[in-house]
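S.K.: Residues per chain are reported as follows:
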Amino acid sequence: MLKARIIPCLDCHAGRVVKGVRFLNLRDAGDPAELAARYEAEGADEIVLLDISATIEDRKNHVQTVRAIRDILSIPLTVGGGIRSLADCEALLSAGADKVSINSAAYRNPQLIDAIATRFGTQCTVVAIDAKAKTASIWHVLLNGGRIATLTLVTKWAREAASRGAGEILLTSWDQDGTRAGYDLELLKAVRSTVSIPIIASGGAANARHLSNAYEAGASGLLAASIFHDNDASIYKIKHELKDFGVPIRL
Amino acid sequence: MTTATIVPTGTANLASVSTALRRAGACMRIAERASDITQASRLVLPGVGSFGAAMAALERNEWTLALRSTISDGIPTLAICLGMQILFETSEETPGVKGLAFLHGNFNKFPIDVQTPHVGWNSIEPIGKTHLLKAGDAYFTHSFRLDTLPPGTIGAITDYSSPFVSAVEYKNILACQFHPELSGAWGIDLLRRWIGNGADKC
Chain A
0 MLKARIIPCL DCHAGRVVKG VRFLNLRDAG DPAELAARYE AEGADEIVLL
50 DISATIEDRK NHVQTVRAIR DILSIPLTVG GGIRSLADCE ALLSAGADKV
100 SINSAAYRNP QLIDAIATRF GTQCTVVAID AKAKTASIWH VLLNGGRIAT
150 LTLVTKWARE AASRGAGEIL LTSWDQDGTR AGYDLELLKA VRSTVSIPII
200 ASGGAANARH LSNAYEAGAS GLLAASIFHD NDASIYKIKH ELKDFGVPIR
250 L
Chain B
0 MTTATIVPTG TANLASVSTA LRRAGACMRI AERASDITQA SRLVLPGVGS
50 FGAAMAALER NEWTLALRST ISDGIPTLAI CLGMQILFET SEETPGVKGL
100 AFLHGNFNKF PIDVQTPHVG WNSIEPIGKT HLLKAGDAYF THSFRLDTLP
150 PGTIGAITDY SSPFVSAVEY KNILACQFHP ELSGAWGIDL LRRWIGNGAD
200 KC
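In order, the protein sequences belong to chains A and B.
According to numbering that gives the first Met the number 0, the residues represented by the first sequence are 0 to 250, in order.
According to numbering that gives the first Met the number 0, the residues represented by the second sequence are 0 to 201, in order.
Looking at chain A on its own, in the form it has when it is part of the complex:
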């Protein structure tokens, strides 16, 4: 049976893992390769590394970070943040990423999805969508790390991304992110009923119950950052709790 994937997310700024609420008030959370190794040892099923650096200079560090993580990691590594072209993807993949995650650039240039999927395969192509609730059942796409709002429906964009060759959707609720109140389950259900590719839930997780609820809402990947960085709970402990809730997981 296919297991739910527990995915710690490393937000990186200038080569260091940082944490903050909605990319504000950043605090240092450690060395990316050390954290990735610790998470693998604790039972992480996959690692997501997001570059939230603002400058091109910092982006060059990012390829080094990917290489350092690959050297110690034996589980899949997805890398995102600031990817605009096939050349950006190529650099990250040859440094050791297994998948690339594209967000705003895909929205502005949807053919980038087709291009990545054709060149590197759909299994390599993750489309990240930042969602902002308009009503209880309508979500709009946000761009540039939440700074730009659009009137595009998240469900419509998810459908297009899937049809262009996305292999997974990384779906972040901007309303829930940083709140520790749980994932936006209605958002997950809405996108689940729209696309047949796997969905990674992101934004708001603080405990195993939140992860279990997202799995039941249709997410097969469960992403979280602060609960793991803050040592609130080890991945090992969360996975055992999930097992008790009846979620299939790898122990």
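None of these hints come from the bench; they were simulated from the model.
Each residue gets a CB set at the ideal place from its N, CA and C atoms; glycine is no exception.
The reader is advised that the hints may include incorrect statements.
[What the hints assert, rightly or not] Some residues of chain B that are not near chain A, with every Cβ distance over 10 Å (derived): (1) G24; (2) E31; (3) D35; (4) G48; (5) E61; (6) S68; (7) T93; (8) G95; (9) V96; (10) L99; (11) A100; (12) D136; (13) T147; (14) G151; (15) G195.
[What the hints assert, rightly or not] The calculated DMTMM-like cross-link candidates involving lysine to aspartate or glutamate, where the alpha carbons are at most 20 Å apart (straight line), are: (16) A:K133 to A:E185; (17) A:K242 to B:D158; (18) A:K155 to A:D113; (19) A:K131 to A:E159; (20) A:K131 to A:E185; (21) B:K97 to B:E58; (22) B:K128 to B:D188; (23) A:K2 to B:D158; (24) A:K188 to B:D112; (25) A:K18 to A:D174; (26) A:K2 to B:E124; (27) A:K2 to B:D112; (28) B:K170 to B:E88; (29) B:K108 to B:E92; (30) A:K18 to A:E33.
Chain A is already provided as a structure; the job is to place chain B on it using the hints.
M.R.: Relative to chain A, chain B alone:
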């Protein structure tokens, strides 16, 4: 000394597989010409991308013949994901293109009502007296699969809406639909068994 020669099948990302094989104790080289394949003591066929593109890349480099003779000569061969698929006859992914046909079988897409691609960790159940494969969880990412083990082979099955073939052991071939290089400690152990006694002598 065990040197594993990786055959680049087009657009495959070689970083993960190289790192994992090194961790498991093998030396590594990437084939650049057909003679690198015919002189190899161990072959690795990684692979992401599409069935047709991978076969085209091999044909373009005139590597098909070298692969056929080297694998037929009994050189231990590890085929991963798409690398496994091209050892078979055909895939629904690229109708009309023939694989290397070392093994009988055709790859088909998962049924329409199943979440595709099949991404994530799933259970490996060895079938028959396998030499290398053990039970455990492995990482998969694929949309096409083989539904029955070829006659006369042993291997492993995995359940995703229905059972499919997750690995085959046949003579000198170990073919895995999953990615041992991304399957954590379990995957590294499998690579170590495949490399066998030659480990740690690079």
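S.K.: For the pair supplied as a hint, K18 of chain A and E33 of chain A, confirm whether the alpha-carbon distance does not exceed 20 Å.
M.R.: Given pair K18 of chain A, E33 of chain A holds - Cα atoms ~16 Å apart, limit 20 Å.
S.K.: Just checking, V96 of chain B versus chain A, shortest CB gap more than 10 Å?
M.R.: holds, 16 Å
S.K.: Can we confirm that no CB of chain A comes within 10 Å of the CB of L99 of chain B?
M.R.: At roughly 20 Å from the nearest Cβ of chain A, L99 of chain B sits farther out than 10 Å, so the non-interface label holds.
S.K.: For K242 of chain A and D158 of chain B, compute the direct alpha-carbon distance and say whether it is at most 20 Å.
M.R.: Satisfied, since the Cα-Cα distance of roughly 19 Å is no more than 20 Å.
S.K.: Confirm or reject the statement that D136 of chain B sits farther than 10 Å, beta carbon to beta carbon, from all of chain A.
M.R.: Violated, since 4 Å does not exceed 10 Å.
S.K.: Decide if the proposed pair is consistent with the structure: K128 of chain B and D188 of chain B, CA atoms, cutoff 20 Å inclusive.
M.R.: Measuring from Cα to Cα gives roughly 18 Å; hence the hint holds.
S.K.: Going straight from one Cα to the other, do K18 of chain A and D174 of chain A come out at no more than 20 Å?
M.R.: holds, 17 Å
S.K.: Decide, holds or violated, for the assertion that all CB atoms of chain A are farther than 10 Å from the CB of A100 of chain B.
M.R.: holds, 23 Å
S.K.: Is it the case that G195 of chain B keeps its Cβ farther than 10 Å from each residue Cβ in chain A?
M.R.: The claim holds: G195 of chain B sits with its nearest Cβ about 19 Å from chain A, beyond 10 Å.
S.K.: Would the hint linking K2 of chain A and E124 of chain B be met if the CA-CA limit is 20 Å?
M.R.: At roughly 15 Å apart (the allowed maximum being 20 Å), E124 of chain B and K2 of chain A satisfy the hint.
S.K.: Between the alpha carbons of K188 of chain A and D112 of chain B, is the straight-line distance 20 Å or under?
M.R.: holds, 17 Å
S.K.: Is the nearest Cβ of chain A still more than 10 Å from the Cβ of G24 of chain B?
M.R.: Non-interface label stands for G24 of chain B: nearest chain A Cβ at 14 Å, farther than 10 Å.
Hint check: violations occur at hints 4, 12; the rest are consistent with the structure.
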